[in-house]
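Quick mapping for you: the protein sequence lines, in order, are chains A and B. With the first letter of the first sequence counted as 1, position 72 gets the number 71 in numbering that gives the first Met the number 0; the numbers rise by one all the way through. With the first letter of the second sequence counted as 1, position 354 gets the number 353 in numbering that gives the first Met the number 0; the numbers rise by one all the way through.
No lab work stands behind these hints: they were computed from the structure. Just so you know, nobody snuck in bad clues.
With the Cβ distance kept under 7 Å, some of the chain B side facing chain A (calculated, not the full set):
1) C11
2) L14
3) F15
4) N21
5) A22
6) Q26
7) N34
8) N39
9) D44
Simulated restraints, written as ranges between beta carbons of each label pair:
10) B:A17 - A:Q283: 22 to 30 Å
11) B:A124 - A:D291: 40 to 48 Å
12) B:T93 - A:L267: 48 to 56 Å
13) B:T2 - A:P67: 26 to 34 Å
14) A:E97 - B:D112: 31 to 39 Å
15) A:V19 - B:V378: 48 to 56 Å
16) B:E298 - A:D291: 41 to 49 Å
17) A:L267 - B:V28: 31 to 39 Å
18) B:P66 - A:E97: 12 to 20 Å
19) B:T93 - A:S139: 56 to 64 Å
20) B:A124 - A:R99: 28 to 36 Å
21) B:P66 - A:V19: 42 to 50 Å
22) A:F279 - B:T2: 33 to 41 Å
Here a beta-carbon is modelled for each residue, glycine too, at the ideal position from N, C-alpha and C.
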Amino acid sequence: MTETTWVPRKRRGAELVLTVMAVSLGVFAYCAVGLGAEGRVPAGAVGLAVTLVVVAIAANVLIRRFAPYADPVLLPLVLCLNGLGLAMIYRIDLGLSERRDNWTALAPSQLIWTGLGVVAFAVVLVVVRDHRRLQTLTYSFGLAAVILLVLPLLPGIGQNIRGARIWINLGPFSFQPGEAAKICLAIFFAGYLAEKREALALAGRRVLGVDLPRARDLGPIMIGWLVSIGILVLQRDLGSSLLFFGLFVVLLFIATERAGWIVVGGALFGLGTWFGYLQFSHVQRRFEAWQDPFGDPDQNGQIINALYGLAHGGLLGRGWGQGSPELTPIGYSDFIATSLGEELGLTGLMAILVIYGLIVERGLRIALTCRDAFGKLLAAGLAISMAIQVFVVVGGVTHLIPLTGLTTPFLSQGGSSIVMNWAIIAILLRISDQTRRPAPPVEAVTEDEATQVVKL
Amino acid sequence: MNTPIRRLSVACLVLFLALMGNATYVQYVDADNLNSEANNKRVIDDEYSRERGAILVDGEPVAESVPSDDQFEFLRTYPGAGLYAHLTGYFSYTYGRSAVENTENPILSGSDDRLFVNRVVDLVANKQPKGGSVELTIDSNAQTTAAAALAALPAGTKGSVVALDPQTGAILTMVSQPSYDPNALASHDFGAVSEAWTALNGDPAKPLLNRSTQEILPPGSTFKLVTAAAALDQLNLNPASVVQGGTELSFPGITYTLPNSGGGNCGGDQITLEQALNVSCNVSFGSLATQVGQGALEEQAAKFGFGDKLIEGLASNASRFATDGSELELPQLAQSGIGQFEVAATPLQMAMVAAGIANDGVVMKPYLVDTVRDPSLRVLDEADAEEYSRALSTEHAAMMQQMMISTVEGGTASSARIPGQTVGGKTGTAQRGGDLPNLAWFASFAGSGDQQVAVAVVVESATATDDISGGRLAGPIAKAVMEALVSS
Chain A
0 MTETTWVPRK RRGAELVLTV MAVSLGVFAY CAVGLGAEGR VPAGAVGLAV
50 TLVVVAIAAN VLIRRFAPYA DPVLLPLVLC LNGLGLAMIY RIDLGLSERR
100 DNWTALAPSQ LIWTGLGVVA FAVVLVVVRD HRRLQTLTYS FGLAAVILLV
150 LPLLPGIGQN IRGARIWINL GPFSFQPGEA AKICLAIFFA GYLAEKREAL
200 ALAGRRVLGV DLPRARDLGP IMIGWLVSIG ILVLQRDLGS SLLFFGLFVV
250 LLFIATERAG WIVVGGALFG LGTWFGYLQF SHVQRRFEAW QDPFGDPDQN
300 GQIINALYGL AHGGLLGRGW GQGSPELTPI GYSDFIATSL GEELGLTGLM
350 AILVIYGLIV ERGLRIALTC RDAFGKLLAA GLAISMAIQV FVVVGGVTHL
400 IPLTGLTTPF LSQGGSSIVM NWAIIAILLR ISDQTRRPAP PVEAVTEDEA
450 TQVVKL
Chain B
0 MNTPIRRLSV ACLVLFLALM GNATYVQYVD ADNLNSEANN KRVIDDEYSR
50 ERGAILVDGE PVAESVPSDD QFEFLRTYPG AGLYAHLTGY FSYTYGRSAV
100 ENTENPILSG SDDRLFVNRV VDLVANKQPK GGSVELTIDS NAQTTAAAAL
150 AALPAGTKGS VVALDPQTGA ILTMVSQPSY DPNALASHDF GAVSEAWTAL
200 NGDPAKPLLN RSTQEILPPG STFKLVTAAA ALDQLNLNPA SVVQGGTELS
250 FPGITYTLPN SGGGNCGGDQ ITLEQALNVS CNVSFGSLAT QVGQGALEEQ
300 AAKFGFGDKL IEGLASNASR FATDGSELEL PQLAQSGIGQ FEVAATPLQM
350 AMVAAGIAND GVVMKPYLVD TVRDPSLRVL DEADAEEYSR ALSTEHAAMM
400 QQMMISTVEG GTASSARIPG QTVGGKTGTA QRGGDLPNLA WFASFAGSGD
450 QQVAVAVVVE SATATDDISG GRLAGPIAKA VMEALVSS
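Bound-form chain A, shown alone (with noise of 0.2 Å):
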């Protein structure tokens, strides 16, 4: 008897299709934006197109080569966001560049940037063909990321720049290392916790309905996440201190599936957050931001004028190149949800929102299908980390939530944001093609030399 085993498909022909959408879109909306703006297409618009379809090209070309049971979806929804992220910077470009006198285009650089980006990615995607053996390197990546963190601190290469000390200079290149630290983190994370998951969920005592697990178990890692957290707050890196937290509680309760470190990260949330209120100026200054944000207009001038473009923008928006998103402060990266709402309107906004959406489910779709822990948790820690710093930016930039800094993914100006999340993407679609991939052909075996074993 024959048994045919179910292969899901490739879907690289639908990829395609939806690939040549996404980049048709950021090309239009470049061009738009200088006919909007200038009222004709801009000069670059043969480059960028050219850029785009290339990279775009080789990126599916590289999945269909190395990942070819790839998850469909990811890639185009990816270029999709870096086009418009492409379109929105290079507006802002053009609306400062009238205002100052010596306004430095971005767009290029980024261009360049999502260039190198789809090189980690492909690095990602060449050099780690099971997304298992990241796992041996459990401790490596705990190691590394703290390092990574401790850079910016140092003295000589590390910049503050508007209030926090999170970025690095290395000759003409500044670098955002907390960007990598995030997926090292991740990994740390779900390595250790895939290795000791069932120690941390049985062994140990009760305590308040809470099963607590016992201290050499939870050690390493809680020392792992302090340190993080402890550098974040001495360089006042709010929004990563919330993200690294958020990943760290969503993962133990991942792993040991208690609902009670939902509820013990929620109180030490709570904790943590007064206690910021109290202590640090800074903190108390974000949150009167965010109660009252017209009670002190020269202060807090990024958050009203935000809101002031969003409203500009309404339900349809001001139209691309139309708006005045450059009178945001710093419109082209933090704050370029409101920029995208400004032109793009609700709609717009709306529908980038559905693109975070639709890729964070398609994460957590690759994490329920894997079947190793490292890889569900590796997938879901990465997928939720993308869903936390959407909330915590857009979330902040639009007025739900007190303002911490953090980038967009995919659409803020910055190269280590941008080079990161590429390379995240290529350990989802990594881990998806582990997942979807049909197990390699077993030696068939006759049922008679299978019973022939067992002798009744």
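Add chain B to chain A, keeping to what the hints say.
Then chain B, alone, in the frame of chain A:
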């Protein structure tokens, strides 16, 4: 481990729904509030890039947007410079808007609901939306005449002229001196705008102030019109009724006496009411005020508009008979009856007193905007004449008219005589406390039938001279304006 992942995916959904809900709130529900914040540069920029509608007087623009080739597409210009400044107001990038530029902003900027169809058409045709225009009730000839007459006075003289159509309340002339040039505030050279703004606000002569509606000054003897109207009603008098005359009014038990202006006699101890008004006899009207009483006098003043901001769309202050809730003693009441003590009125208010008398006792609500038009000049809205109050009966109004006409023909207001026209008037020379020079007032009406006007003039000299009197300073100005209006 799948159960927690499923739960977390629901949690992620909640996070995204929260973001979407919040975005909907900011961009849709709260958008109008945010767009109307005063310091919202985007909305200001947006207004600046649109072709703003014109403000018209007699079909000619007194405020219009002309194409500009600097950072904005249009420049707001005011061809009349200071002539209409207090009516149009200014339209400044940095300092916002005032007067009609402000109150009619929805129409001028094109955001008014009545222009919705135009906006949709513009959107489909990919054209920049244009604003509608606003036509003022002003008569350009009379406006120019009034401004020229005030400008002819010695340098530094402040003053104001208001002319109304008594039958409708339409403001035909409104001039305030000193004025300012709104072009200086609408300029795209923001440094110069800031300097101009500082200079205008620092100027002790207060050029930004619309004296016609904002400055309340003691109306002096022109207030005797109100006292006379109250006396006709309350004491059942007529112009031939005998009232107290003489040189001074004394009060029982008090040494203070109320003298006549210049200490003269009014022409006998017993004179007629008409004669009292003709010679502007303080004794007579002081005495009438005490007989009528504070309540009735205040009520009569309120019927003409005292205590009320009389016009929407222009910055204005309410005229006052007495401080709220105060009870006047007899000498104070007598002084109030001749427009002194705490009585203070805007020129617009005194024009309304004259207009109410000329319009057979009915005071009309003053208005400045005649028609509102869409960008293709189709009329969207036309002002309706609205009754403000009935200040006195037709019969008493006729008596008042007769007495004012005789004041022009043979009394103190003779400087306003216009050959071939029926003119009624009342002079006023108000004393102010301290070293401030006297004020010269004139309240008058002219014409008959459908061609009627009411004019109030106030002149505030820079230096004290004995020459200041309503008849000599303000009367000729009122005459010139009335001539310009009734003969056109």
